[in-house]
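**Q** So you can see what is in the structure, the chains are spelled out below.
There are 2 protein chains.
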Amino acid sequence: MDTAFLDELASGSPTPGGGGAAAYGGALAAALASMVCHLTIGKKRYADVEPQMEEALSRLTDLRRELEALVEADARAFAPLSDAYRMPKATPGEARAKEAALQAALKDATEVPLSIMEACARVISELGFLQEEGSRLALSDVGCAALFADAALQAANMNVRINVSSLADEDKALAYERKADGLLRAGRATAQQVAENVMKEL
Amino acid sequence: MDTAFLDELASGSPTPGGGGAAAYGGALAAALASMVCHLTIGKKRYADVEPQMEEALSRLTDLRRELEALVEADARAFAPLSDAYRMPKATPGEARAKEAALQAALKDATEVPLSIMEACARVISELGFLQEEGSRLALSDVGCAALFADAALQAANMNVRINVSSLADEDKALAYERKADGLLRAGRATAQQVAENVMKEL
Numbered sequence: 713m714d715t716a717f718l719d720e721l722a723s724g725s726p727t728p729g730g731g732g733a734a735a736y737g738g739a740l741a742a743a744l745a746s747m748v749c750h751l752t753i754g755k756k757r758y759a760d761v762e763p764q765m766e767e768a769l770s771r772l773t774d775l776r777r778e779l780e781a782l783v784e785a786d787a788r789a790f791a792p793l794s795d796a797y798r799m800p801k802a803t804p805g806e807a808r809a810k811e812a813a814l815q816a817a818l819k820d821a822t823e824v825p826l827s828i829m830e831a832c833a834r835v836i837s838e839l840g841f842l843q844e845e846g847s848r849l850a851l852s853d854v855g856c857a858a859l860f861a862d863a864a865l866q867a868a869n870m871n872v873r874i875n876v877s878s879l880a881d882e883d884k885a886l887a888y889e890r891k892a893d894g895l896l897r898a899g900r901a902t903a904q905q906v907a908e909n910v911m912k913e914l
Numbered sequence: 713m714d715t716a717f718l719d720e721l722a723s724g725s726p727t728p729g730g731g732g733a734a735a736y737g738g739a740l741a742a743a744l745a746s747m748v749c750h751l752t753i754g755k756k757r758y759a760d761v762e763p764q765m766e767e768a769l770s771r772l773t774d775l776r777r778e779l780e781a782l783v784e785a786d787a788r789a790f791a792p793l794s795d796a797y798r799m800p801k802a803t804p805g806e807a808r809a810k811e812a813a814l815q816a817a818l819k820d821a822t823e824v825p826l827s828i829m830e831a832c833a834r835v836i837s838e839l840g841f842l843q844e845e846g847s848r849l850a851l852s853d854v855g856c857a858a859l860f861a862d863a864a865l866q867a868a869n870m871n872v873r874i875n876v877s878s879l880a881d882e883d884k885a886l887a888y889e890r891k892a893d894g895l896l897r898a899g900r901a902t903a904q905q906v907a908e909n910v911m912k913e914l
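Chain order of the listed sequences is Y and V.
Residue 855 in the working numbering sits at position 143 of the first sequence; the count goes up by one each step and never skips.
Residue 774 in the working numbering sits at position 62 of the second sequence; the count goes up by one each step and never skips.
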């Protein structure tokens, strides 16, 4: 198996880190869900749902690509933040420049994990249909997708929280927190319901 | 980013599937935890815990390699099971041969996800120390590792359940179920505690 991503993750470089892992975990869930579509499409027993299954597969493929790109976007958003934390603040002018750089970098570093949360929530919203209508042979794979999408959603939320806590603009911080809360609550409830339904049927 | 594993997972081939994803998710958690060790080792502020941090890193590296190998082992254990399900059972002789092949294959297909559960539980058992003593800059990464190890443990448990439910040897089935239950309960409790502690500190 190719272990390049895991090797990079394990290294002493701070990126990819938890944010990149969150995006990767969401992509893992989308990939598993895509496999379930593939194992259902073309089977006589599931012919009735084939058009919807094709549409779900198309959306899940797009979501996987988006989450793969978010692994890289998370690393790109971290660099300016890390640079800003290292800026000097010996003089009032330096301190102002540092704070301005920090606040600009924090905005991006918060918005990327928020985008990861949104993509994970959209992956989760495909899973109820797959659990009900997908091939019974792949039922546990739907359950595993729900578990990983749930973990990825929570992991991305942790990354939103760290950065929001340093934001000076309180209105913006509150707006980010509300958005993250809403995505977390709705997404987790659906993902956990899917995982529970799968466990009952196994 | 290298997407080879995700591409294979998303394909119409049944392996890698949920079992392989569980092993990969456990390796992802071990990799994140290893990064936390790397970001702590060599820093003056954490010099006191450096010897233990080095030992944790060594164990986590071994666990990651083990979980990477279990991705492949899961796929290898699936092939004979899939072959057995396809055997004919038109005559009593064929039916007996099919049942024997199936039962032999189910044993391996259950023991691999049980090994994944054991490795995930051992990853989880490293995280409390990292949450308390690891670099504060990597605290959210410990939380993300806990979330993914928890999801991987549950995903592997789903794969134990499917196979156990078809085992004819009831004593063996019960023994597997008890082992999985114990690993699941203890591992989940610790992982959730770590994730909660991280959220409180963020």
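Simulated from the structure, these hints should not be mistaken for lab results.
By construction, the Cβ of each residue, glycine as well, lies at the ideal position given by its N, Cα and C atoms.
It is possible that some hints are incorrect.
[As the list claims (entries may be wrong)] Okay, the calculated beta carbon distance ranges per label pair:
id: 1; chain 1: V; residue 1: E845; chain 2: Y; residue 2: A807; range: 28 to 38 Å
id: 2; chain 1: Y; residue 1: E913; chain 2: V; residue 2: A901; range: 18 to 28 Å
id: 3; chain 1: V; residue 1: K884; chain 2: Y; residue 2: G840; range: 31 to 41 Å
id: 4; chain 1: Y; residue 1: R757; chain 2: V; residue 2: Y758; range: 54 to 64 Å
id: 5; chain 1: Y; residue 1: A791; chain 2: V; residue 2: Y758; range: 22 to 32 Å
**Q** Please go over all the hints and tell whether each is borne out by the structure.
**A** Hint check results:
no. : hint                         : in the structure
1   : V:E845 to Y:A807: 28 to 38 Å : holds, 32 Å
2   : Y:E913 to V:A901: 18 to 28 Å : holds, 25 Å
3   : V:K884 to Y:G840: 31 to 41 Å : holds, 35 Å
4   : Y:R757 to V:Y758: 54 to 64 Å : holds, 58 Å
5   : Y:A791 to V:Y758: 22 to 32 Å : holds, 24 Å
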